[in-house]
Amino acid sequence: MSIIYFLIGCSMLLALIFLGAFFWAQKNGQNDDLYTPSVRILLDDEPEKEEKK
Amino acid sequence: MKQIKIQQQIHCYHCGNDCEEGYIEQDEKVFCCNGCREVYSILSQSGLCNYYSFNVHPGAEQKSGNKRFDYLKEPSIVKDLVDYSDEKFTIVTFYIPNIHCSSCIWLLEQLNRINPAIYYSRVDFLRKQVNIRFNNKQITLHGVVEVLDRIGYEPLISLQDVIRKQGSDKKDNLVKKIALAGFCFGNVMLLSFPEYLGISVNEQAFRQFFGWLNLVFCLPVVLYCANGYFTSAWTNLKNKVLNIDLPLAIGITVLFVRTAAEIITHMGPGFADTCCGLVFFLLVGKFVQRKTYYHLSFERDYRSFFPVAVQVIEEEKERPVPLADIQVGQRILIRNNEIIPADAILLKGEGKVDFSFVTGESVPVEKVLGEVVYAGGRQTGEAIELEVVKPVSQSYLTRLWNNEAFTRLQDNRMQTFSEKASKYFTIVLLAIALGSFLFWLPADLHRGISAFTAVLIIACPCALALSTPFTMAAALSIFDKNFFYLKNTAVVEQLAHIDTIVLDKTGTITIAGGNTVTQHGDVSEYEKGLIYSACSNSAHPLSRLICQFWNHQHKLSTNSYYEIPGRGITADIDRHIVDVGSERFIRGISSPGSGPKLTEVHIRIDNIYKGYFSVQQHYRDGIKNIKDLSSAYEVFLLSGDHNHEREALSVVFKPGHMFFEQSPQEKLDFIKMLQANGHRVMMIGDGLNDAGALKQSDLGIAITDNVNNFSPGSDAILDGKALSRLPDFFKFSKDALHIIYASFIISLCYNIAGLGYAVSGRLSPLIAAILMPLSTVTIISFTSIAAHLAAKKRKLL
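First to last, the protein sequences are chains A and B. Residue numbers for the first sequence follow our numbering, beginning at 1 and rising by one. Residue numbers for the second sequence follow our numbering, beginning at 1 and rising by one.
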């Protein structure tokens with residue numbers, strides 16, 4: 001049963017990684033604009049056009 | 001009478017407006033004006049016609065031309081506007097009110113195809129902002145703005161910069177706190193399960209391990225996520241105010257201390273999951289409460305109405321100067337449609353100043369040379385030169401703005417229900433807790449402490465703290481759907497408590513610029529031409545209205561033309577003497593008992609009276625519904641305008657409830673007077689002239705036809721077309737309050753049920769863990785469903 005100590009440790013680590021990822025995304029402004037990207041993805045590019053970003 | 005031609009409506013290909021006054025054709029497409037055609041040609045040249053495929057008529061109307069961005073060449077102004085700049089490139093963010101559909105996003109993100117010097121542009125649709133990065137060697141800021149303007153997206157640049165203000169909003173890491181609290185809550189729940197399900201005797205080591213882990217997870221929640229409640233409770237305690245944060249802070253502390261004590265002394269599992277859950281739900285409630293409309297600004301002052309820069313004439317040359325640097329004695333040039341930024345003396349040109357923004361009077365005032373023109377007026381007509389006599393900061397308008405009403409703190413407004421209730425709640429809660437402690441103390445000290453802490457835990461006013469934000473947030477989004485935008489959730493409650501309504505006239509119950517001209521008396525087609533020709537010479541708004549009324553008449557040659565300001569015009573046209581003007585001017589008399597007859601224009605041709613035009617202002621549709629309100633509310637009219645509409649308005653307002661020719665200061669004082677008499681006043685206004693009254697009132701609502709336009713600082717912004725729903729809004733706000741009362745009663749029931757366990761000192765962690773989230777979920781679902789049903793009942797959904 002002591003394997004539980006190890007498993008809990010693993011799950012905590014994983015959860016902490018996700019929490020860290022969320023903080024990172026928040027800090028990078030991923031949640032600043034929650035609407036425009038959803039529209040942007042629906043706008044088709046013309047075939048001959050090359051995107052320069 | 002006006003002939004209405006029955007024909008198929010032609011819509012502009014670009015903006016979709018009806019082409020009433022003729023149209024321009026290009027590439028077999030129809031445009032309402034040159035501006036729209038111009039935008040289309042730019043787009044087609046750059047191969048950007050996809051713009052039109054995403055939406056039908058995506059463009060913005062281009063009729064109002066003649067915009068000036070010269071001030072953007074002034075380095076000191078540019079410096080304040082850009083976000084970042086180095087030798088190579090510059091980043092700037094503009095607020096563009098015209099952004100309204102997906103085509104706008106597409107086009108604005110293709111700016112590099114119109115001008116390759118622009119590297120990158122990104123649109124934030126909800127904030128109506130575009131972030132542009134450009135090569136400052138190849139294009140200037142001025143050039144970028146011109147590109148934007150040419151394709152129909154004029155950025156709105158004001159002194160009180162919208163973007164800057166939003167950017168500087170303080171961040172309190174609420175999302176971060178919620179994420180952390182949620183993370184801990186989830187883990188603690190998982191780790192508490194074995195305890196609730198029962199751990200067998202030979203696995204007691206796990207109990208210790210889980211307990212310590214729970215405690216570790218509790219630490220960041222209490223110390224970091226909940227610190228806002230502790231600081232708020234402490235400051236309130238210092239100011240001798242009891243608010244809801246105090247019992248919440250006590251609850252959280254007790255939960256944590258007891259959990260720590262139980263785990264350290266191996267006495268039990270503690271209440272770690274209740275503690276984390278409580279903080280998590282409270283923070284979610286806080287988050288819900290903080291709904292903001294990114295594209296609306298409720299905190300405007302006079303600076304947002306003023307231009308960023310003014311043309312100063314120095315040594316025969318014009319130079320744009322930032323408004324703040326304007327000094328007394330400088331000569332400034334004000335062109336048509338520009339706002340006069342400081343009190344100044346008219347030196348050159350013919351001043352026709354529209355003070356509707358400041359006074360509410362809609363007819364331009366003629367100013368003669370040497371006269372002082374107050375700040376806030378808008379010049380209509382030719383460019384004028386003025387000499388500044390007072391710095392911007394001391395002008396009449398600014399002084400009004402600096403009235404104490406504007407510096408008044410917001411918290412002396414009406415107390416919300418939860419504030420009032422929490423005061424008594426705290427006292428009762430502490431009394432019960434102490435009572436049960438003293439009851440058990442003689443027999444069993446341990447049980448006494450346990451009962452004391454249990455009461456504080458179970459009665460923690462979580463539901464009370466949540467019912468208001470969730471109800472109000474639901475109400476806010478319902479109002480939002482009906483074009484009524486409230487600054488924050490507390491405004492809903494203020495709306496419910498209002499007993500007096502004060503309305504402004506011009507722009508509020510009348511539509512600015514919306515006038516109906518009716519012709520009385522007969523004129524022949526030829527005479528029509530005569531009158532049209534006479535009026536077309538004049539820049540007076542009434543003349544222009546008449547020209548609009550008979551558009552596309554053949555213009556006859558004018559031999560002589562003479563205009564007497566404020567009275568009328570005399571013209572010799574095609575050998576006929578045409579007189580157009582006021583009743584007194586034409587007939588030598590005026591109707592008895594009335595003030596200035598501004599709304600009638602009389603005509604005489606060759607000394608024969610031909611009848612008159614009456615100009616009636618358009619009232620908004622909601623005016624009838626305003627009348628219905630007067631049974632339950634005191635409804636007043638405060639107008640800066642003359643009283644020539646008194647009769648028409650007496651249908652809506654009670655006699656003695658209408659006040660005309662009110663200055664902004666008088667409006668403010670009127671509101672103060674009502675408040676001193678114990679009324680709770682709501683003011684609805686639209687212009688700068690109402691701004692003082694809006695701030696002073698318990699609830700100020702700015703009304704506007706385009707919510708993206710500037711509106712004065714206020715608690716709420718109402719779209720003009722929703723004015724008719726005002727009675728429903730009132731009823732619904734009362735419903736929302738009743739929902740809060742009901743949810744409060746529900747949470748009380750839970751508390752009383754829980755208190756039964758608590759006072760006996762036998763509160764098990766399992767019961768707390770079930771009762772607390774259950775009451776929270778009940779409250780949240782009840783408030784959301786009830787608000788939805790109430791909105792249905794009031795036909796707001």
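Hints are not guaranteed to be accurate.
Stated by the list, open to error - For lysine to aspartate or glutamate, the following EDC-like pairs were computed, each having C-alpha atoms within a straight-line distance of at most 16 Å: (1) Lys528/B with Asp32/A; (2) Lys348/B with Glu318/B; (3) Lys291/B with Asp44/A.
What the hints assert, rightly or not - Chain A regions said to be covered by chain B (calculated; three or more residues, Cβ under 8 Å): (4) 1 to 15; (5) 19 to 28; (6) 36 to 42.
In case anyone wonders, no lab produced these hints; they're calculated from the structure. Virtual Cβ for every residue (Gly too), placed ideally from N, Cα, C.
Hint by hint, which ones does the structure fall short of?
-> 1 and 3
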